[in-house]
Amino acid sequence: MAKHLIESQQFTKELLFKLFKRAEELRISPSDSLKGKVLTTLFYEPSTRTRLSFESAMLKMGGQIMGTENAREFSSVSKGESLADTIRVIASYSDAIVMRHNEEGSAEKASQVSNVPIINGGDGKGQHPTQALLDVYTIHKEIGRLDNIKIAMVGDLTSGRTVQSLCYLFGKFSGVQIIFISPENLKINQNIKDYLERHNIKFTEEDNLEKILPTIDIVYMTRIQKERISPKDYEKAKGKFIINDTNLELIPKDARIMHPLPHVEEIDISLYKEQNDPRVAYFRQAENGLYIRMALLEQLIPTN
Amino acid sequence: MAKHLIESQQFTKELLFKLFKRAEELRISPSDSLKGKVLTTLFYEPSTRTRLSFESAMLKMGGQIMGTENAREFSSVSKGESLADTIRVIASYSDAIVMRHNEEGSAEKASQVSNVPIINGGDGKGQHPTQALLDVYTIHKEIGRLDNIKIAMVGDLTSGRTVQSLCYLFGKFSGVQIIFISPENLKINQNIKDYLERHNIKFTEEDNLEKILPTIDIVYMTRIQKERISPKDYEKAKGKFIINDTNLELIPKDARIMHPLPHVEEIDISLYKEQNDPRVAYFRQAENGLYIRMALLEQLIPTN
Amino acid sequence: MAKHLIESQQFTKELLFKLFKRAEELRISPSDSLKGKVLTTLFYEPSTRTRLSFESAMLKMGGQIMGTENAREFSSVSKGESLADTIRVIASYSDAIVMRHNEEGSAEKASQVSNVPIINGGDGKGQHPTQALLDVYTIHKEIGRLDNIKIAMVGDLTSGRTVQSLCYLFGKFSGVQIIFISPENLKINQNIKDYLERHNIKFTEEDNLEKILPTIDIVYMTRIQKERISPKDYEKAKGKFIINDTNLELIPKDARIMHPLPHVEEIDISLYKEQNDPRVAYFRQAENGLYIRMALLEQLIPTN
Numbered sequence: 660m661a662k663h664l665i666e667s668q669q670f671t672k673e674l675l676f677k678l679f680k681r682a683e684e685l686r687i688s689p690s691d692s693l694k695g696k697v698l699t700t701l702f703y704e705p706s707t708r709t710r711l712s713f714e715s716a717m718l719k720m721g722g723q724i725m726g727t728e729n730a731r732e733f734s735s736v737s738k739g740e741s742l743a744d745t746i747r748v749i750a751s752y753s754d755a756i757v758m759r760h761n762e763e764g765s766a767e768k769a770s771q772v773s774n775v776p777i778i779n780g781g782d783g784k785g786q787h788p789t790q791a792l793l794d795v796y797t798i799h800k801e802i803g804r805l806d807n808i809k810i811a812m813v814g815d816l817t818s819g820r821t822v823q824s825l826c827y828l829f830g831k832f833s834g835v836q837i838i839f840i841s842p843e844n845l846k847i848n849q850n851i852k853d854y855l856e857r858h859n860i861k862f863t864e865e866d867n868l869e870k871i872l873p874t875i876d877i878v879y880m881t882r883i884q885k886e887r888i889s890p891k892d893y894e895k896a897k898g899k900f901i902i903n904d905t906n907l908e909l910i911p912k913d914a915r916i917m918h919p920l921p922h923v924e925e926i927d928i929s930l931y932k933e934q935n936d937p938r939v940a941y942f943r944q945a946e947n948g949l950y951i952r953m954a955l956l957e958q959l960i961p962t963n
Numbered sequence: 660m661a662k663h664l665i666e667s668q669q670f671t672k673e674l675l676f677k678l679f680k681r682a683e684e685l686r687i688s689p690s691d692s693l694k695g696k697v698l699t700t701l702f703y704e705p706s707t708r709t710r711l712s713f714e715s716a717m718l719k720m721g722g723q724i725m726g727t728e729n730a731r732e733f734s735s736v737s738k739g740e741s742l743a744d745t746i747r748v749i750a751s752y753s754d755a756i757v758m759r760h761n762e763e764g765s766a767e768k769a770s771q772v773s774n775v776p777i778i779n780g781g782d783g784k785g786q787h788p789t790q791a792l793l794d795v796y797t798i799h800k801e802i803g804r805l806d807n808i809k810i811a812m813v814g815d816l817t818s819g820r821t822v823q824s825l826c827y828l829f830g831k832f833s834g835v836q837i838i839f840i841s842p843e844n845l846k847i848n849q850n851i852k853d854y855l856e857r858h859n860i861k862f863t864e865e866d867n868l869e870k871i872l873p874t875i876d877i878v879y880m881t882r883i884q885k886e887r888i889s890p891k892d893y894e895k896a897k898g899k900f901i902i903n904d905t906n907l908e909l910i911p912k913d914a915r916i917m918h919p920l921p922h923v924e925e926i927d928i929s930l931y932k933e934q935n936d937p938r939v940a941y942f943r944q945a946e947n948g949l950y951i952r953m954a955l956l957e958q959l960i961p962t963n
Numbered sequence: 660m661a662k663h664l665i666e667s668q669q670f671t672k673e674l675l676f677k678l679f680k681r682a683e684e685l686r687i688s689p690s691d692s693l694k695g696k697v698l699t700t701l702f703y704e705p706s707t708r709t710r711l712s713f714e715s716a717m718l719k720m721g722g723q724i725m726g727t728e729n730a731r732e733f734s735s736v737s738k739g740e741s742l743a744d745t746i747r748v749i750a751s752y753s754d755a756i757v758m759r760h761n762e763e764g765s766a767e768k769a770s771q772v773s774n775v776p777i778i779n780g781g782d783g784k785g786q787h788p789t790q791a792l793l794d795v796y797t798i799h800k801e802i803g804r805l806d807n808i809k810i811a812m813v814g815d816l817t818s819g820r821t822v823q824s825l826c827y828l829f830g831k832f833s834g835v836q837i838i839f840i841s842p843e844n845l846k847i848n849q850n851i852k853d854y855l856e857r858h859n860i861k862f863t864e865e866d867n868l869e870k871i872l873p874t875i876d877i878v879y880m881t882r883i884q885k886e887r888i889s890p891k892d893y894e895k896a897k898g899k900f901i902i903n904d905t906n907l908e909l910i911p912k913d914a915r916i917m918h919p920l921p922h923v924e925e926i927d928i929s930l931y932k933e934q935n936d937p938r939v940a941y942f943r944q945a946e947n948g949l950y951i952r953m954a955l956l957e958q959l960i961p962t963n
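Residue numbers (my numbering), protein chains in the order written: chain A, 660 to 963; chain B, 660 to 963; chain C, 660 to 963.
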């Protein structure tokens with residue numbers, strides 16, 4: 660059976676550290692280990708960033724890529740074909756499929772009929788497990804540990820699938836403290852809270868960003884996802900919690916600002932500081948995505 | 660002069676069997692024989708399936724791919740350029756071009772000005788010769804012969820270019836018997852009938868699918884092409900001829916159900932049977948497309 | 660610091676001749692010198708021709724490609740991300756970026772934040788330096804020199820960025836004479852005239868194409884850019900200056916007709932003459948783009 664990556668819970672602590680180690684090796688000396696293999700990127704919802712990150716990872720491993728950035732319009736979906744049939748056929752041409760879809764659960768559905776690995780590149784309000792993977796990789800690389808960290812997660816905690824996927828991964832570690840900071844109407848979902856409680860992860864909900872900033876190791880900012888909420892909810896939430904040149908100074912010297920990107924107004928730091936302040940970690944975070952995805956593809960795609 | 664593939668009639672019996680043999684070899688041991696060669700996929704009409712099948716075939720032969728899935732909107736067509744000029748320029752960057760176009764005759768037109776092979780990936784209501792190629796390859800692989808077969812072709816026989824391309828190929832073989840089964844308003848075209856008569860291929864037109872099913876080697880189902888007919892014609896034709904779990908039992912044990920895919924309501928077989936009944940051949944048929952296209956690209960693209 | 664290509668003025672005469680020489684070598688024996696490198700094509704404005712030319716060049720140098728032909732709709736621009744952030748992230752996945760954008764100055768802006776080479780593939784009404792590069796390469800190859808040439812530039816001289824980029828390159832050579840021929844409403848911009856004067860390039864403005872044709876080495880035709888001007892301006896300008904089978908005879912035997920393509924009604928030469936008259940240089944010109952871009956990519960992308 661093919662190994663799929665659908666949810667971040669699937670990663671064991673052991674596998675995570677193995678992937679971190681391999682990513683560091685690949686950063687220094689690229690590999691050709693996926694030569695002759697073909698990765699298909701099947702995107703029903705556009706995401707140039709995630710798609711190119713996977714494609715670059717595959718190419719840098721010696722593999723090849725093909726795909727569509729507009730599967731909803733261009734694939735046989737428009738002719739009424741089921742997702743299962745599309746996957747069955749495309750799987751027969753590919754050695755792995757990265758799929759982004761607007762509907763939660765689509766990646767899981769695809770994995771049930773695919774005989775090659777399905778990698779969930781984001782499914783609606785569901786999960787985005789490789790974003791969580793690069794997030795913990797970045798925390799580990801920047802802070803030096805994953806146990807006993809204190810992290811503020813800020814912004815749209817309802818629709819943000821990266822926050823959810825990341826919380827599931829924190830369940831694997833001990834001594835993690837999470838502070839959720841969000842507009843009233845975009846609070847973290849109950850199922851995440853239940854999960855954290857079951858895994859003994861301490862969390863609180865706060866609404867004073869400035870009070871929290873001096874106390875954390877990581878502040879994880881997220882964008883208000885305009886496209887997934889009502890205009891009214893958006894107006895209420897927009898600009899409520901911002902990191903700017905002023906409150907940046909409250910953040911400890913060895914703490915880090917992370918963001919899954921793209922960012923809009925919730926990060927308002929001057930260009931000079933963005934380029935020179937070591938606490939601004941989100942561009943390194945994006946780059947880390949390349950190396951950890953190289954390691955992941957190597958892990959998932961069987962070679963002869 | 661470059662060798663082009665515009666119509667299925669171009670294949671000789673000898674070439675077909677050569678391609679079948681090579682496809683079987685490539686299935687077992689891939690080749691690097693197209694290393695350094697670039698295939699352009701130029702699609703004026705979307706088709707993720709056909710495009711990815713060609714792209715995968717090229718990559719699996721060691722070649723490279725580039726292209727557009729939206730040529731109608733993005734290429735210089737929108738600036739008023741002629742197809743001939745587009746092809747002249749793109750041919751100068753490429754070692755071969757696979758083209759899908761909404762207008763019948765476009766591939767032929769392109770081949771007149773291209774100094775690299777043009778492969779017709781479907782032109783309007785015209786032909787789709789590589790679909791016919793993978794169809795006869797599948798029949799040969801599943802049934803063991805191409806002479807003396809009895810095949811029912813079911814569904815939209817007017818707009819379905821795969822049916823037409825396949826009929827032209829049957830003209831190369833002897834003892835073939837075709838039964839056309841279609842809604843009143845989507846019958847097989849007169850020019851196909853004339854062709855079959857000239858080549859001594861027996862055919863009949865029937866309207867009772869259940870009566871025919873127990874007698875055939877192949878039932879070749881097709882989708883009613885909603886996008887090429889009027890809404891009224893679509894309503895009349897939709898759902899008229901269906902293979903389901905009940906009439907599936909009428910099909911002989913060693914016969915096969917084929918379909919160019921995507922399928923919609925005309926195939927209504929339960930998932931379990933679809934995955935386990937050896938008579939369901941359409942997913943193997945799609946996969947065969949990869950190997951036969953590998954063989955075809957190797958045949959058409961000159962190497963040094 | 661990464662070397663970028665933003666404006667045609669950046670080319671020195673020495674570098675131009677070095678690239679011409681290397682292009683000729685690559686035409687005969689391809690190279691693998693960009694193996695393992697990834698070029699991203701980031702197109703905010705569609706251009707299948709320019710994109711495929713770059714992609715083919717990269718592939719023919721042993722490199723790999725990825726990208727989007729629809730960045731405006733599909734990238735994080737639609738989520739409100741700044742161009743600078745997009746570039747920062749994509750640069751971290753890529754070894755070089757070719758960018759086309761609808762706004763003048765975008766390539767320059769991108770180059771300020773990118774740590775990999777940015778190549779301007781056309782920015783609004785700004786420049787298109789690789790088109791100018793292939794243009795001078797073609798003139799040199801066809802006419803044998805770049806000093807002391809007499810060239811008529813015809814058509815839309817206001818919006819045509821290729822004309823502007825080419826004029827900037829002529830400033831590097833001596834004895835060049837330019838005759839601008841354009842509809843009243845689409846005359847060459849004052850800043851180009853100023854530049855030419857500063858660099859001692861003689862130019863005149865004429866409105867009788869037939870009078871000029873017998874006197875030139877090159878007639879460089881351009882399309883009226885319907886999409887960049889008002890319908891009224893378009894109607895005034897359309898069809899005003901045309902090369903057809905009749906006035907073609909006025910052009911000296913060893914002169915050449917060039918065009919950045921796509922062409923519409925401003926070239927109205929019969930197919931036979933287009934394919935056989937050696938003065939028709941524009942399809943060779945397009946092909947030259949492939950080889951000179953191969954040389955350019957090799958020049959700009961650092962290898963280990």
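The reader is advised that the hints may include incorrect statements.
Intra- or inter-copy, both count: the list cannot distinguish identical chains.
Said to hold, decoys possible - Computed list of lysine-lysine pairs in BS3-like fashion (alpha-carbon distance at most 27 Å, straight line):
(1) Lys932 <-> Lys891
(2) Lys672 <-> Lys738
(3) Lys662 <-> Lys768
(4) Lys738 <-> Lys784
(5) Lys895 <-> Lys694
Simulated from the structure, these hints should not be mistaken for lab results.
Comparing the hints with the structure gives:
Taking the shortest alpha-carbon separations for Lys932 and Lys891, neither the intra-copy value of 33 Å nor the inter-copy value of 49 Å comes in at or below 27 Å. In this assembly of identical chains, Lys672 and Lys738 lie within 27 Å of each other by CA distance neither inside one copy nor across copies; the values are 43 Å within and 34 Å between. With identical chains, the CA atoms of Lys662 and Lys768 are at most 27 Å apart within one copy only, with a shortest distance of 14 Å there and 43 Å across copies. Taking CA atoms no more than 27 Å apart as the test, Lys738 paired with Lys784 passes in both settings, with 25 Å inside one copy and 16 Å between copies.
Taking CA atoms no more than 27 Å apart as the test, Lys895 paired with Lys694 passes in neither setting, with 50 Å inside one copy and 51 Å between copies.
Violated hints, listed in ascending order, are 1, 2 and 5; each of the other numbered hints is respected by the structure.
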